[in-house]
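A.B. asks: In case you want the letters, here they are:
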Amino acid sequence: MKETIYRSHVLVCTGTGCVSSGSKNIKMALEDELAAKDLSDEIKIVETGCHGFCEKGPIMIVYPEGVFYCQVESEDVAEIVEEHLLKGRIVDRLLFKEPFTEENIPSYSDIDFYKKQKRIVLANCGRIDPEDINEYIALGGYEAVGKALTKMTPQEVIDEVKKAGLRGRGGGGFPTGLKWQFARNSDSEKKYVICNADEGDPGAFMDRSLLEGDPHRVIEGMMTAAYAIGADEGYVYVRAEYPLAIRRLEKAIKQAEEYGLLGEDIFGSGFNFKLHIKKGAGAFVCGEETALMASIEGKRGMPRPRPPYPAVSGLWGKPTNINNVETLGNIPYIIKEGSEAFSSIGTEGSKGTKVFALTGKINNTGLVEVPMGTTLREVIFDIGGGLQEGKKYKAVQTGGPSGGCIPEEYLDLPIDYDSLLEVGAMMGSGGMVVMDEGTCMVDVARFFLNFTQSESCGKCTPCREGTKRMLEILNRICEGEGEEGDIELLEDLGQHIKDTALCGLGQTAPNPVLSTIHYFRNEYEAHIYENKCPAGVCKELAAAYVIDESSCVGCGQCVKVCPVDAISGKPKETYVIDAETCISCGACADRCPVDAISQG
Amino acid sequence: MKSLKELKELRNKVQKEMEMRDQSTKPEIIVGMGTCGIAAGARDILKAILEEVDRRNIDLRVTQTGCIGMCEKEPLIDVKMPGKKRITYGNLSTDDVKKIIAEHVINGNIVKDLVIAKHED
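These protein sequence lines are chains A and B, in that order.
For reference, each letter of the first sequence is one residue, going 1 to 600 in my numbering.
For reference, each letter of the second sequence is one residue, going 601 to 721 in my numbering.
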């Protein structure tokens, strides 16, 4: 059989972000169009994982030129085929435009969003077809674990990971090599490795994207970990809300088994490894390692006190090593390129890169990977493209519901585990929610606490009762019923919960509240003492809107959008808002063509 | 997978196709695929180039471009060797293509009787 020689590869992103913006239809349109033009045997369509630039999705890349098309619609496909694939003319209007220069950028590697990133974990994401093991192998896949199995002892593997300085990417930042050492030192016939893919922070999607875009990398990392600690069986614990990640992982495991990369006597080394997927039902607390293991065992997902640590007594009482998806994604690079290559990237205490999910009021929503030590300003403004609608930066929330808000004064802070802790936030798994001046920090604290409160498993009192009480106080403050002493009570309660809760979820739940009180205490005070929400978010506290008589042109557009009929007047005359009826929703101010409406 | 050697052999086999997505500098052949080019047989030229590149196992990028105005001389191709000027060949047949690849791309000698232009690219 002669293999088809393709003259061009068209990569269509089918990560969850691009699928939701319509990339499946684009792929189908492309297939039809290529068939109609009789090009099907010349041009190969490749479905890839997430490119990270979700804001501009659906994304399409045409090789060999490497032309990057963004926000492609099905209607554009015919033009791309006719112009680019047939006649070799780049379709300028679909190229990425740099927001400041308005310049068309044809090539992937020249876009600011990508230029400032360093991709180790995400190196293959968006570049290969995650459903084809051959593409992973073509880029050197499985060579790292092959090297480990045939040329290194388990202890040498652990030493290499220790020397690299890799720390856990799931949030805590515990040294990975040390964790492996503990599991290795535990004497047992049977051991397990677990990949924690129970990503649950609001706004975080790093692990999902890696599993969807490069599942073999995670499998290879797990195999290496299993070899190092002496395990022969592993579980990927992934939430059932990630159907695409699960499907691709299942496919990847099957392909690896067919190639004998999973199974028995791998690479003739005598090492056996069997891998299972365990679907979680989506409880946030199951990301906590002891709760996660309980869930795999079929029990209710609740944490238990440590010690014993999983490395001593884990899954079914056997020594178990648990690593996060991204942590495992770093392993093949470390083994293949060596610990020095890895530790040359990053800061003194935090080596390598970190993947962040950029969300919130930012221009380039998406997935980015930067060296540790990159500043928040670089990530938010250079890569993220700054804030939407040119608004002013207020804070960034890192570490999800366990983390804190970082205000403007720390924008030049180099990001690593220790620096974030110093300012009262934490690395967490890598969610970054950017907030602008229109965000109420009390409301943000309430949002995160509401999340942890409803996800609290109820086993220990500090978390079950404490977060509930804190939430009640925050609700009161947001509704204008705040009292003197509320702020101090929140601080006191928060500190107690941190000190006494059973697991990481409870111990970190007060962080969003404590950090917003620390940096934005004046906003809390304004709510309580002045009955005012400075950002105009808390409805009960927001002042009514007023129309400036001298600017009003009498167009009447405000009347049409007012949901409570609070605006009266005649066309071509000045309109008036009834302060009693106004609910301060701001719809009129958004609509007003001459900016005559503001909050009084 | 019984040995590391087996993995490397598989990699060599599957790697070739991925080279297309490598954006580093390598020789490039650009085929004129405007309406004029296609009418004059550029599709056959393109296929012949791809077959030849595959047969000889050369590391080369093949891309297309639109009409550059010399419709009279179609089918046209440009050969761009790294660090060298871009050479345009015209009035080509599929046999010419094989000759150009052998002489110019592999041996580095421009096929003078087929050249019609030199670009300052």
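A portion of the hints provided could be inaccurate.
In silico lysine to any residue, SDA-like type, Cα no more than 25 angstroms apart, as pairs [unchecked claim]:
| # | chain 1 | residue 1 | chain 2 | residue 2 |
| --- | --- | --- | --- | --- |
| 1 | A | Lys151 | B | Cys667 |
| 2 | A | Lys87 | B | Leu650 |
| 3 | B | Lys616 | B | Thr635 |
| 4 | A | Lys147 | B | Lys616 |
It is worth saying that the hints were derived from the structure and are not from the lab.
A.B. asks: Take a quick look at whether Lys147 (chain A) and Lys616 (chain B) sit within 25 angstroms of each other, Cα to Cα.
C.D. replies: Within the cut-off at roughly 23 angstroms; holds.
A.B. asks: Between Lys616 (chain B) and Thr635 (chain B), is the straight-line Cα distance small enough, at 25 angstroms or below?
C.D. replies: violated (31 angstroms)
A.B. asks: Below or equal to 25 angstroms on CA atoms is what counts here, so check Lys151 (chain A) against Cys667 (chain B).
C.D. replies: violated (55 angstroms)
A.B. asks: Within 25 angstroms, alpha carbon to alpha carbon, are Lys87 (chain A) and Leu650 (chain B)?
C.D. replies: holds (17 angstroms)
Hints 1, 3 from the earlier list are contradicted by this structure; the remaining hints agree with it.
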